[in-house]
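Could you build the full structure based on these sequences and the hints that come with them?
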Amino acid sequence: MAKITVRHLTKTYNSNTGKVTALEDISFEVQPYESLCILGPSGCGKTTLLRLLDCLIARDHGEILLDGEPVTLPRSDVAMVFQHFGLFPWKNLEQNIAYGLTLRGCPREEITQTVQRYIGLVGLKGFERSYPYQLSGGMQQRAGLARALAVNPSLLLMDEPFGSLDAQTRETLQEELSRILAHERKTVLFVTHSIDEAIYLGDRILLMTPRPGRIREILPVEIARPRDISRVRSDPRSVRLRAYIWDQLKERAAN
Amino acid sequence: MKNSSYSWGIRFLSLVVVLTVWEIYGRSVNPILFTYPTAIARAFVELVSGGELQRFLLQSLEVFVYGFALAVAVGIPLGILLARSKTLSLALEPYLHAIYSTPTVAFIPLIVLWFGFQVFAKVVIVFLFMVFPILLNTHQGVKNLNQDLLEVARSFCSNERRLWLDLIMPSALPFILAGINLAIGRGLVGMVVAEFFTSVAGLGYMIVQYANSFDTAKLFVPIVVLMVLGVILIGLVKVIERKAAPWQNREGSEV
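In order, the protein sequences belong to chains S and X. Counting in the numbering used here, the first sequence runs from 1 upward without gaps. Counting in the numbering used here, the second sequence runs from 1 upward without gaps.
Do not take every clue at face value.
As the list claims (entries may be wrong) - Derived SDA-like pairs: lysine to any residue, alpha-carbon spacing no greater than 25 Å straight-line: (1) X:Lys238 with S:Tyr131; (2) X:Lys243 with S:Tyr133; (3) S:Lys91 with X:Pro246; (4) S:Lys91 with X:Met169; (5) X:Lys243 with S:Ser15; (6) S:Lys91 with X:Asn146; (7) S:Lys91 with X:Ser4; (8) X:Lys143 with S:Ser15; (9) S:Lys91 with X:Ile32; (10) S:Lys91 with X:Pro174; (11) X:Lys243 with S:Asn92.
As the list claims (entries may be wrong) - Simulated restraints, written as ranges between beta carbons of each label pair: (12) S:Ser15 with X:Arg11: 54 to 60 Å; (13) X:Pro109 with S:Arg104: 56 to 62 Å; (14) S:Arg240 with X:Pro246: 48 to 54 Å; (15) X:Ser5 with S:Thr172: 52 to 58 Å; (16) X:Arg162 with S:Asp25: 36 to 42 Å; (17) X:Val231 with S:Glu175: 34 to 40 Å; (18) S:Ala167 with X:Gln147: 25 to 31 Å.
Claimed, not checked - Derived, one-sided and incomplete: chain X residues facing chain S with beta-carbon distance under 7 Å: (19) Trp8; (20) Asp148; (21) Val152; (22) Arg162; (23) Pro170; (24) Trp247.
Honestly, the hints are just simulated from the structure, not real lab data. Cβ coordinates follow ideal geometry from the N, Cα and C atoms, glycine included.
Here it is in structure tokens:
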């Protein structure tokens with residue numbers, strides 16, 4: 001059974017110029033433990049799609065099934081990593097990472113252990129007592145990732161998580177995410193506007209076009225894991241894929 | 001370090017110069033109209049050794065503390081309530097802003113008429129001076145919720161009670177403290193003016209009494225005490241602000 005099934009999902013917004021269709025008739029499936037990258041230019045509704053899947057906003061039409069069950073409210077086995085990090089400025093790293101577990105009322109000891117494990121996993125040992133404002137963007141997003149992983153979600157939603165980081169930090173975090181996901185098997189939906197990021201992290205790429213947001217094509221990335229970031233970039237398959245995606249996006253822009 | 005000792009040096013030097021000039025000039029003026037620092041110091045010692053200053057100070061502080069406690073006890077919950085209920089805020093906001101904009105002194109004769117000349121009437125006056133900045137700032141603070149963090153809380157399935165603990169109260173706290181800071185300045189004014197108008201007690205009465213008897217040196221003593229009181233109270237709130245909301249101080253942050 002598919003992990004996620006999306007059928008005929010539609011979302012419109014009201015703006016002062018009238019109705020704007022953000023997403024039109026979106027249908028796709030994601031298999032368990034698959035990593036699907038949602039790629040498209042800004043304004044194509046990819047963040048809207050992710051927020052709909054987490055039930056943070058209401059859809060107009062369509063159906064979302066998780067493990068075959070329809071979903072209408074945010075679920076505790078789905079965790080999101082935000083582009084804006086979304087850390088609470090008044091909580092230190094440890095408290096921020098413990099957030100989801102605290103909400104569930106887990107025993108204190110279990111929380112401490114789990115949090116320690118994920119702090120280690122994302123490489124933040126020694127910063128437990130630091131506050132977000134004392135840390136770099138890259139470190140804040142590591143904490144955001146640890147917070148999402150700590151609740152042991154079966155589905156991880158990532159909304160341009162590395163979009164606001166500098167190129168070098170972004171690459172490091174891409175590698176670490178790929179390493180972490182090799183251990184912690186999750187189904188991942190990763191929104192990005194970077195073609196390279198999508199090719200490196202995705203098993204498949206869902207290519208979207210804007211106004212209205214539609215699925216253009218779903219492309220498999222046929223490069224075996226574990227992937228090495230510099231090798232993936234020079235792999236002929238990825239070069240071809242990148243060129244193909246570029247053509248698709250350009251053709252669309254020309255119309 | 002060097003810089004800070006330099007600025008403290010300048011401050012100290014400035015104080016010495018001003019006090020010296022005041023002392024020299026003050027001695028040459030009719031003592032009914034003006035006075036000088038050493039005369040004030042002598043008057044201070046005299047008023048303290050007689051126990052008079054302490055007695056009046058305690059009377060004032062009693063009024064201030066009660067008025068402050070009442071303003072906090074009413075202002076914060078009412079501010080929260082207004083932020084929670086759109087209807088209530090629409091219904092009450094015009095009156096609150098109107099009363100806040102009216103110079104509060106204008107209400108004093110009315111309050112004396114209603115509540116008499118004793119402690120209770122003065123507490124009501126101090127309360128009126130203090131409650132609005134606390135109320136309106138709390139309202140602002142609760143309303144100014146970071147929408148991104150609200151989404152994080154919803155994504156992690158926070159319940160209403162935890163939402164208040166994790167998000168709403170901590171984010172409103174700096175606003176509330178800023179309101180208290182404003183209220184303290186206004187509350188001291190209210191306290192003194194209330195004592196001008198009402199019974200024979202407090203630092204305000206002391207000022208009136210020594211002004212009427214042309215004892216200018218003694219008149220300055222309660223003024224200096226009030227000044228010191230204001231500086232201490234506002235400094236105290238600043239310390240609490242720094243301790244309770246360290247993320248507000250963004251200096252040295254990398255983001």
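Verification of the hints:
Our distance criterion of 25 Å between C-alpha atoms is met by Lys238 (chain X) and Tyr131 (chain S), whose separation comes to about 20 Å. A distance of roughly 15 Å separates the Cα atoms of Lys243 (chain X) and Tyr133 (chain S); the hinted pair therefore holds under the 25 Å criterion. Of the supplied pair hints, the one linking Lys91 (chain S) and Pro246 (chain X) holds, its CA atoms being roughly 10 Å apart against a limit of 25 Å. Restraint check: the Cα-Cα separation between Lys91 (chain S) and Met169 (chain X) comes to about 13 Å, which is no more than 25 Å; the hinted pair holds.
As the CA atoms of Lys243 (chain X) and Ser15 (chain S) are separated by approximately 43 Å, the hinted pair breaks the 25 Å bound. Simply put, Lys91 (chain S) and Asn146 (chain X) have alpha-carbon atoms about 15 Å apart, close enough for the 25 Å limit, and the pair holds. A C-alpha spacing of about 31 Å is found between Lys91 (chain S) and Ser4 (chain X), which places the hinted pair above 25 Å, so the restraint is violated. Using a Cα cut-off of 25 Å, the hinted pair Lys143 (chain X) and Ser15 (chain S) holds, with the two alpha carbons roughly 23 Å apart.
Under the criterion of a C-alpha separation no larger than 25 Å, the hint pairing Lys91 (chain S) with Ile32 (chain X) is inconsistent with the structure, at around 59 Å. Taking the CA atoms of Lys91 (chain S) and Pro174 (chain X), the gap is about 15 Å. The hint holds against a cut of 25 Å. Only pairs whose Cα atoms come within 25 Å are accepted, and Lys243 (chain X) paired with Asn92 (chain S) is accepted, the gap being roughly 14 Å. Checked against the hint of 54 to 60 Å, the C-beta distance between Ser15 (chain S) and Arg11 (chain X) comes to roughly 56 Å, which is consistent with it.
For the pair Pro109 (chain X) and Arg104 (chain S), the beta carbons lie near 59 Å from each other, so the given range of 56 to 62 Å is met. Our hint of 48 to 54 Å for Arg240 (chain S) and Pro246 (chain X) holds, since their Cβ atoms are close to 52 Å apart. The hint said 52 to 58 Å for the Cβ distance between Ser5 (chain X) and Thr172 (chain S), and at roughly 43 Å that hint is violated. Under the hint 36 to 42 Å, the C-beta atoms of Arg162 (chain X) and Asp25 (chain S), about 37 Å apart, fit the expected range.
With their beta carbons about 55 Å apart, Val231 (chain X) and Glu175 (chain S) fall outside the hinted range of 34 to 40 Å. Checking the proposed 25 to 31 Å range against Ala167 (chain S) and Gln147 (chain X) shows it holds: the Cβ atoms sit about 29 Å from each other. At a threshold of 7 Å, the smallest CB-CB gap from Trp8 (chain X) to chain S is about 28 Å, leaving the interface hint violated. The interface hint given for Asp148 (chain X) is met, as the beta carbon of that residue sits about 5 Å from the closest beta carbon of chain S, less than 7 Å.
Satisfaction of the interface hint for Val152 (chain X) is found here, the shortest Cβ-Cβ separation to chain S being roughly 4 Å, below the 7 Å cut-off. At about 6 Å, the closest approach between the beta carbon of Arg162 (chain X) and any beta carbon in chain S falls short of 7 Å, and the interface hint on this residue holds. A cut of 7 Å between beta carbons decides the hint on Pro170 (chain X): the least distance to chain S is about 4 Å, and the hint holds. Evaluation of the Trp247 (chain X) hint against chain S yields a held restraint, the C-beta minimum of about 4 Å falling below 7 Å.
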